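K.L.:
Each chain, written out:
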Amino acid sequence: MITAIRIEELDILLNDLFTRYGYDFTEYSKASLQRRVQRLFTLDKFPSFAEFRHRLQHDPQYFRRFVEEITVNVTEMLRDPSFYRTLRSTILPVLATYPFIRIWHAGCATGEEVYSMAILLKETGLLHKSLLYGTDINPQVIERARKGIFPVSQMQKFSENYIQSGGIHDFSSYYTANYHLAKFDNSLTGKMIFSTHNLVSDFSFNEFQLILCRNVLIYFERGLQSKVFKLFDYSLENFGYLALGAKESLRFSPIADRYRQIGKEKIWRKVHEAG
Amino acid sequence: MRRAKLMVIGGSAGSLQVIMEIMSVIRPDFPLPVLIVLHRNSIFESNLEELFASRSQAIIKEVEEKEVILPGVIYIAPADYHVLIEEDQTFSLDYSERVNFSRPSIDVTFRCAADVYGTDLVCLLLSGGNADGVEGLGYVKERGGLTVVQDPVTAEVPYMPQHALSQVAVDFVVAAGNIPAFIKGLAFLPPV
Ligand SMILES: C[S@@+](CC[C@H](N)C(=O)[O-])C[C@H]1O[C@@H](n2cnc3c(N)ncnc32)[C@H](O)[C@@H]1O
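Chains W and F are the protein sequences, given in the same order. Position 87, counted from 1, in the first sequence is what numbering that gives the first Met the number 0 calls 86; the numbers after and before it change by one each time, with no gaps. Position 24, counted from 1, in the second sequence is what numbering that gives the first Met the number 0 calls 23; the numbers after and before it change by one each time, with no gaps.
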């Protein structure tokens with residue numbers, strides 16, 4: 000039988016990592032974290048928890064692998080087409096009135112969301128005056144996002160999402176396919192800045208008109224969610240927009256009373272500055 | 000046996016009709032929470048809440064992340080997310096890789112539920128065309144939970160329950176028509 004990592008052992012591990020490397024996962028939702036840690040433990044065939052713990056404490060390279068493996072980096076271009084339709088029809092026309100547009104994708108994984116946004120901006124004639132920041136805790140996915148190269152096998156799904164989201168061009172005009180890889184256009188990549196950034200511990204680095212943080216907060220406990228909401232609030236201009244994942248909400252957050260939801264989508268507008 | 004504190008129902012192809020029948024015995028006074036993890040394949044199955052609400056008076060809602068799990072409520076796994084359960088008996092959602100080509104995956108939720116609820120868990124596996132849920136059901140059994148499988152003979156798509164029977168020493172095999180009454184009886188057992 001496979002040794003199971005118990006929740007108490009998980010706590011020990013997380014405390015180690017915080018002390019040793021300054022990465023704080025203690026306020027992550029435990030059920031998901033436990034699954035991921037268990038998966039890594041099994042994958043790398045550790046004979047005991049003690050050895051796993053020892054390796055993590057003494058091998059920074061292995062700790063890097065830990066961060067790469069326990070984060071859930073699954074993503075998709077134009078995921079939830081109706082969300083992108085609302086961006087296109089309701090949010091972008093407002094952003095168009097600004098001389099310069101700054102957008103932050105927090106927890107962007109391999110960047111599909113950022114490329115989706117760039118396509119929308121290009122089609123609405125706004126890309127030239129926009130800058131898109133994509134950040135993630137996992138350096139490996141950020142490296143991949145920078146390259147803008149995705150498996151060709153995913154293009155059909157992305158193209159379907161594109162059409163459903165109101166796209167009117169030929170989706171394949173945005174990339175060049177080479178064997179099994181699709182490389183997205185330099186005109187899109189040119190407006191992107193990718194960087195590692197840890198939402199738990201790193202500071203705000205600019206003021207934005209739109210922040211997207213989708214399917215990241217589900218991995219955080221409520222207390223940590225509140226802290227991150229405050230970081231977003233601080234990083235968002237007045238009348239800026241905050242967009243969350245399909246199953247996430249601002250409702251229980253300390254900033255909720257100063258934000259107004261846009262229709263049924265998970266997009267909120269900041270209507271008052273913090274007092 | 001102790002009275003269960005959570006019931007999880009996993010179903011795939013051909014299970015919708017059975018679940019509809021189950022709904023009619025779940026009233027607001029149902030003494031435990033019910034979580035339904037269903038593979039949905041068509042747009043037709045996108046609004047399950049409404050569909051189920053036509054059969055049951057209980058509160059029916061899609062799982063929300065960090066939500067406290069309450070008795071008498073029927074929770075439905077949202078499309079495209081795994082449903083996990085935390086030690087403090089709240090839900091979490093997870094957008095990680097598909098398991099058995101499925102998200103939500105029945106295996107994932109059965110396992111998580113077994114870790115938290117142990118012997119206080121009832122898991123039911125219904126009709127379906129893939130093996131999702133079988134491994135999880137074995138784990139539930141291992142942790143002392145009660146395992147129930149729809150009799151494959153009465154299943155529209157027998158593969159899933161059949162596979163479960165071949166892999167797991169399940170506690171009960173129940174014909175589709177008897178499942179609602181079976182569930183009701185189980186839930187209202189007097190506590191020992
Ligand atoms: C499921 S992906 C979401 C990708 C994309 N936003 C989407 O919705 O498709 C979650 C991402 O959050 C990142 N993440 C987790 N913890 C983080 C943290 N503390 N700071 C920044 N990013 C984090 C993970 O590395 C992962 O890439």
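By construction, these hints were calculated from the structure, which means they are not laboratory data. Mixed in with the good hints, there may be bad ones.
A few chain F residues facing chain W, derived, Cβ under 10 angstroms [to be verified]:
#1 78
#2 90
#3 107
#4 111
Ranges between beta-carbon positions, derived for each pair [said to hold, decoys possible]:
#5 W/23 / F/70: 40 to 50 angstroms
#6 W/138 / F/87: 25 to 35 angstroms
#7 F/26 / W/145: 51 to 61 angstroms
#8 W/172 / F/66: 40 to 50 angstroms
#9 W/123 / F/117: 45 to 55 angstroms
#10 F/16 / W/221: 50 to 60 angstroms
#11 W/202 / F/128: 23 to 33 angstroms
#12 F/23 / W/221: 34 to 44 angstroms
#13 F/117 / W/255: 29 to 39 angstroms
#14 F/28 / W/221: 43 to 53 angstroms
#15 F/19 / W/251: 44 to 54 angstroms
#16 F/87 / W/21: 25 to 35 angstroms
#17 F/53 / W/195: 48 to 58 angstroms
None of these values were measured; they are calculated from a predicted model. For every residue, glycine included, the Cβ atom is placed at its ideal position computed from N, Cα and C.
K.L.:
So, for every hint listed, does it hold in this structure?
P.N.:
Okay, the hints, checked on the actual structure:
Because the closest C-beta pair between residue 78 of chain F and chain W is about 9 angstroms apart, less than 10 angstroms, the hint holds. With its C-beta approaching chain W no nearer than about 9 angstroms, residue 90 of chain F sits inside the 10 angstroms limit, and its interface hint holds. For residue 107 of chain F, the suggested interface contact is upheld, since its CB lies about 8 angstroms from the closest CB of chain W, less than 10 angstroms. Taking 10 angstroms as the C-beta cut-off, the interface hint given for residue 111 of chain F holds, the closest approach to chain W being about 6 angstroms.
Taken as a hint, the range 40 to 50 angstroms is violated for the pair residue 23 of chain W and residue 70 of chain F, whose Cβ atoms sit roughly 35 angstroms apart. One distance hint, 25 to 35 angstroms for the beta-carbon pair residue 138 of chain W and residue 87 of chain F, holds here, with the actual separation near 32 angstroms. Between residue 26 of chain F and residue 145 of chain W the beta carbon distance is about 56 angstroms. The supplied range of 51 to 61 angstroms therefore holds. Distance hint check for residue 172 of chain W and residue 66 of chain F: the Cβ-Cβ separation is about 43 angstroms, which falls inside the suggested range of 40 to 50 angstroms.
Between residue 123 of chain W and residue 117 of chain F the Cβ separation comes to about 54 angstroms, which falls inside the hinted range of 45 to 55 angstroms. Taking 50 to 60 angstroms as the suggested C-beta distance range, the pair residue 16 of chain F and residue 221 of chain W does not conform, at roughly 38 angstroms. The hinted range of 23 to 33 angstroms is not satisfied by residue 202 of chain W and residue 128 of chain F, whose Cβ atoms lie roughly 51 angstroms apart. Remark: the range hint 34 to 44 angstroms for residue 23 of chain F to residue 221 of chain W is upheld by a beta-carbon distance near 35 angstroms.
For residue 117 of chain F and residue 255 of chain W, the Cβ-Cβ distance of about 36 angstroms falls inside the hinted range of 29 to 39 angstroms, so the restraint holds. Between residue 28 of chain F and residue 221 of chain W the Cβ separation comes to about 30 angstroms, which falls outside the hinted range of 43 to 53 angstroms. Residue 19 of chain F and residue 251 of chain W have their C-beta atoms about 33 angstroms apart, which leaves the hinted 44 to 54 angstroms range violated. Checking the proposed 25 to 35 angstroms range against residue 87 of chain F and residue 21 of chain W shows it holds: the Cβ atoms sit about 27 angstroms from each other.
The hinted window of 48 to 58 angstroms between residue 53 of chain F and residue 195 of chain W holds, with their beta carbons roughly 50 angstroms apart.
Taken one by one, the earlier hints fail for this structure at numbers 5, 10, 11, 14 and 15, listed in ascending order.
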